[in-house]
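Starting from the known structure of chain D, fit chains A, B and V onto it as the hints suggest.
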Amino acid sequence: MAVAAPTTTPTIPRPVLDHIHPEPTGFIRKYIFSIDHKIIAFQYFITAGLFFIIAGLLAEMIRIDLLKHTGVLTPNVYNQVYSVHGSMMVWLVIIPFVSGAFGNFVMPLQIGARDVAFPWLNLAAFWMFPPAGLILLASFAFGAPDAGWTEYPPISLQAPFGTSMWCIAIFLIGISSTLTGINFLVTIFKMRAPGMTFTRMPLFVWASAATAGLNMVATTALAAALLALFLERQFGVPFYNPTKGGSPILWQHMFWFYSHPAVYIMILPAFGIISEVLPTFSRKPIFGYKMIAFSSVAIALLGFMVWAHHMFTSGMAPWLQLPFMIITMLIAIPTGIKIFSWMATLWGGSIEFSAACLFALGFLITFTLGGVTGFFLAAVPADLHEHGTYFVVGHIHYVLYGGSVFGIYAGLYYWWPKMTGRMMNERLGQWHAWITFVAFNCTFLPMHWLGLLGMPRRVAMYDPEFEGWNIVVSVCSFFLAASTLLIMGNMLWSFKNGKKAGPNPWGARTLEWMISSPPPYYNFKTVPAVLAAPYDFGNPLPYIGLDAEPGAMEATPQSTTGLVHAH
Amino acid sequence: MAHQVTKTKVSLGPYFWLVTAFILVASAIMSYFVYASGWPIGLPEIAEPAPEIDALFKFLGAMGGTIFNIVTGYIIYFAIVFRRKKSDPPDAIGVQIHDNPVLEFWWTVIPTILVVILAIFSTVIWSSLQNTAGDVLTMEAIGHQYYFSFRYPKLANPVNNEMHVPVNVPVTLHVTSAEPGEPPVNHGFWVPEVRLKADMVPGLINTLRFTPTQIGGPYRIICTEFCGALHGTMRATFYIDSQKDFDKWFAKQGGSGGSPGAGGAAGGGAGIALANGNADQGATLFAAKCSACHSVNAFSDKKVGPGLGKIFSDPGHPKLVNGTAPTPADAAAIMKNGYTGDIGQMPDASTNQITDGDIANLVAYLASLSKK
Amino acid sequence: MTTAAVEHGHGHGDGPDHDDGHEEVIYQETRDMRLLGFVLFLCSDVVLFSAFIFAYLYLRGTIDEWPPILNGHQLPRLDLPFAEFNSIVLFGSGVTMHHALENWKHGKVGRFDFFMGFTIVLGVMFLCGQGYEYSHAAIGGWSGSIFGASFFTLTGMHGFHVFCGVAYLAILWWQTKKGHYDQTHYFGLTAGTLYWHFVDVIWVALFFLFYIF
Amino acid sequence: MDLAVIERSVALIGAIIVGVFASIALKEDWHAEGLDNNTTKLLLGLMAFGCIMVFFAAIGVIGPKG
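Residue numbers (the numbering used here), protein chains in the order written: chain D, 1 to 567; chain A, 568 to 939; chain B, 940 to 1152; chain V, 1153 to 1218.
FYI, nobody ran anything at the bench for these hints, they're computed from the structure.
The beta carbon of each residue, even a glycine, is placed where N, CA and C say it ideally should be.
So the derived list for chain B, only partly shown, Cβ under 8 Å to chain V, looks like this:
| hint | residue |
| --- | --- |
| 1 | Leu1133 |
| 2 | Phe1137 |
| 3 | Val1140 |
| 4 | Ile1151 |
One chain only, chain D, in its complex shape (with noise of 0.2 Å):
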């Protein structure tokens, strides 16, 4: 910074154009600490991946554990499981995906940015997440929590040290969002492409920018949570233990301040993502850009007012229920506008049934659903029956699998030959989209009435009555499982076989499929302008300046699905 310079600062009507570091050369540098918003995307994605794994097969021994009504596993192995999963795939897994994978790769390049505002704070970023991972699996060897991933006091007060490690690492994790929050905000204020306002910022941007936000506000609160949980745990400092002056709804009321609105930090890339699929897909301008565009935002401020919606059994002053209750129900409006205008974004269009556009598509039927039991939740008379039930858990997965998961789904099947610049065999994703749909809801539908008729959650053994459906969630769950195995597959699959995708594959228009796949180091030899929202099919494309990738600019992609023969 030490340049001695004019004090007149000449105002040139463009972003950052140099913001970009020199390439670097050896291994090291290029692929491990990489400064690079690429890079960095590909180790988070490769990350959260193998957590992924990790904690589906600890979903799997839940669902074994549940096979008999007795429990197969010893109840404390159980509790431990389940607490470790929950804590992993929030964490460890969809947050990572979502912002830290998706929110690096295709952000910057959607506003024509070289890099993320501050690229080694991106870097230090990622770097508290492996051993945040780490921490937390190694906790099993200390007696990992056992009380769910909301960790309530004051029984989490007495559980062994593993506690105090996920204490750690979810504290470090926090540290985390927070600052690739920071970092994304700062990225998308400053850095769009000239021309790029910000009714013309691709609609995953939007997305960005809100989740970022939350992730910015939100998460400081929860490592505040932690912060005074850990201490108490160590040091007996008295927050929470009722015997010693504490309380333990002040746990509750810290924590899901924080993790109400994780909820929407998970969803509302997922909502970007889609908003990036259909319009592609169906050869459609998005429909309601700016209202899609405002709801998120709608959404994410909405989440910081209902997060005392999962204490309405707790103990609360009764008159704070309502408030509490009414604007949840609020939040299903911003919710139901994106609903309708991805459906009316279907009507009318050319829609090339892709993996990514299956998944897509089942996104909106199971994320309905997921808003649907989301009312019976939210109304307090009913939420008395439904509270700390399996009732939630379906509803939890709902949102978190059938939302963001299949978000990521779609976004892997959508970006992947921009990332790698291969394309995945598009049958074997068809297949993936349709089994794990299926598989999905046959796991997840009957656990809303194993909750209704009387089935608690998070216990390693139930009434025998229950065991035949059970067996039957855990059978399809076993597919699920399975079926992730195709998309594991079909990736290895695209390194070796797959074929070269091309610049633009799916015809799509935003910036990021202007430039070769994958992009260079620097992304944008020159940094096009903006002249319009990027989903007008038909006209051309809205950028100058821009010394297109060859192919890029050309209105007739080649199909790739195999469903239509182009050429």
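Relative to chain D, chains A, B and V alone:
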């Protein structure tokens, strides 16, 4: 936009209105079945306010089902009708519309109206849960690792793992957790058939109000907050008895006759309030005043008088007073008035120099012996 | 980074590489981004303190009278007069820091050094004051009661921030000696000043919540 | 006790001085634009408020009674 709005009007798609009609009819039929059947819960409604809560469930089921049908129906319809056909050129594109203010207005307003309706409906039922009017039986449920215990007024000792309430008597149930000395952990109290639930939080008292309406049982009392390794096994049984059966059960527990709900019925035989008897003081008293003639073993272990160890639980114990197995009330009456009959003689309280308070303590002590 | 960036700019021959304003543009753009990032960081830090303040108020609301009872007798209030004194020490350091930056902007390096040193001295004084406060605050220690828990945790976190601030200011001072900044390029000093004001303002809240309220 | 009086009087004088200087700084910066200046203004203002609070605490107007 105007021309595009008109553009959307032309050819919404083949059979669009037919499909719409189908979706709506299907939703209507589904809603009908939701209301006709026990769906979505399908458990008996054994207490107020279960019917109200089920009404909300039915409304939610019908509304949610309809929304789901509409979304899913149109998605499938659009996916079929607007799919890219093999005949289409690879550069085929869809209708280039960006929005439709009218449509967007309505699909913002209608959900808002639905939300308002649902909010009002929920609030009404919510307020019916809050009313404190006319609670007659006020009792306490306490969660332990891993069992429930229940405290009744006028009952010295808590009852474990079994909750009886008389039918048609409004119950105010205070739930909490972890008596002093126990490790404090959260529990939950849930009777699915009543549809109500409250967390049992140490150092905090939550309240449930309901009015049993159907005699029956046993029903499940389920712990719904994770409370330790054996959380899954934590159950208790819940009975709704007729007033008569309840009183019998209550007396068996050592409750001096008359329902605790009956609003201060004369506590115990000979008008002695047995509720606040103290078993420990009773033990010392027994050693001082009774052990000369009575053992604390089975009835057969006779000194001067019979063994009293299992007086309230031993079916073999002879009928003393009114043709029933001895109740605490009977025992109290005998201590007060003395006994003369086929198993011997016992002087009255004044001769034995024991006060009514002593009698209460002794009965409590005998009751505790009978539980062992 | 800037120099690297410039090389890169040459490498790809975009934009007016050779005009003198170019590096300046890069500097300003980088500065704006860092400033925004730093302010956002402060916002998230505010949330961290707010969460603990919420915890303190919540716990305080669970009991009828404050301070709480510990082992049968009610805990005393904290030492208000000393806190007033210590607060003024910290607030004073805020003003001196402000003047340090102003003088730097106007190129008065001598007065900058004076105020910078003054600020750091006051910061250290405040930390010593906190040490004294801790040593004779008879509220049953950190783990004694919810009072000790919230007081020592919150002020401890604040103290940690002040400590980091002092270290940061010292580094900045050293950097000015190394010629890292000139009269128009002093983002580090701006950030340091913002951070120091932020620490002051957090203390305003803590002073009110623990000593007045 | 003595100590308290000294502390209070120092705090009182200090509060006045610091408050005045903070207000002056605030007035000087009032029209300065930019994120950094606006943030500074906000923070300086809150700090001036802190000085006022200390002032009233020192003269015993606010603070726990007894």
